[in-house]
Amino acid sequence: MSESDVAVHGHGALMEGSPYAIPSRKLTMWLFIISDAVTFGAFLFAYGYIRFAAANWPRPFETGSILNVIVMTFVLITSSLTMLGAVDAAKAGDKPKAMRFLFSTMALGALFAALHLREWFELFSRQITISSGLFGQTFFSITGLHLLHVISGVIALLVIATKYSRDTLTPGHVETVGLYWHFVDLVWMFVVPLVYLTNIAH
Amino acid sequence: MSAAAASGNVLLKYLPVYFSLLAIFLVEVFLSFQHFSTGKLVVILLLLALASASLGLMYFMHLAEERRSLFLTLIPATIFVLLLMNMIWGDSVRLLHMKPFAQ
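If you're matching them up, the sequences are chains A and B in order. FYI, in my numbering the residues of the first sequence are 1 to 202. FYI, in my numbering the residues of the second sequence are 203 to 305.
What the hints contain is simulated information worked out from the structure, not anything from laboratory work. Only true hints are included.
Derived lysine-lysine pairs resembling DSS-like cross-links, with alpha carbons at most 27 Å apart:
no., chain 1, residue 1, chain 2, residue 2
1, B, Lys215, A, Lys95
2, B, Lys215, A, Lys91
3, B, Lys215, A, Lys26
4, A, Lys97, B, Lys215
5, A, Lys26, A, Lys97
All values derive from a computational prediction rather than experimental measurement.
Same shape as in the complex, but just chain A (with noise of 0.2 Å):
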């Protein structure tokens, strides 16, 4: 290929395409997915590696808890149908409709980090904080950062809104976030059953 052939079809035309024929951004993502699904799977590991060593492991979370961990879950599975939507809809070319399916999703990722502090707030007040053991040590580790994860989302979310609504972004983004998204959704369905579930008071 001539320089001249360069200047007019740029660089891009040496290169290869893509063996997965996916945009960079959308492998950089399920890269980093990748990778912090293995730092949560060591967080979790490392969790029930204590939690079965331990003769007498607490069993704090009572019917309360577990109700709120239900509207927890039920919240962030319903966010995750938004950003579908909200992906959908940015692909059709529905501008409004996926501001209000992407608002909807920051809205629910918002009320699950309320329930979520209020759960903790719960536990401090029954004298339960991050240096009572290794039960507080593991369980305010794990969910730490998972919260860390949704509240970055929701951050990342309004960026990208923000950004899509001037037209500086496309829809491709709102897909790569959408599946940050749905990854803090899946980890969360590690985190209930483990550190939660198994942990109820009877």
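Could you slot chain B onto chain A? The hints should help.
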């Protein structure tokens, strides 16, 4: 049908997956109130969580619709790394019974 009208159908398309995820979660909650041993309960809940995660991964994250090479690159490697982390369990059980290392 316009593109905007077609976009309304996507939620209907994914509603079965959504309700499946909710149903699996409610089954998990129900089982956790039954009197299983902790080990048995963890295994059952993990299997159900894996089923939920697979549904989310394949349909919500559209991995089922992507080129197969993406799936084959990402998922087996991740499962391999997560399986490698299982080497800790023997030591965890040893600590539970406070047994010394094998000579």
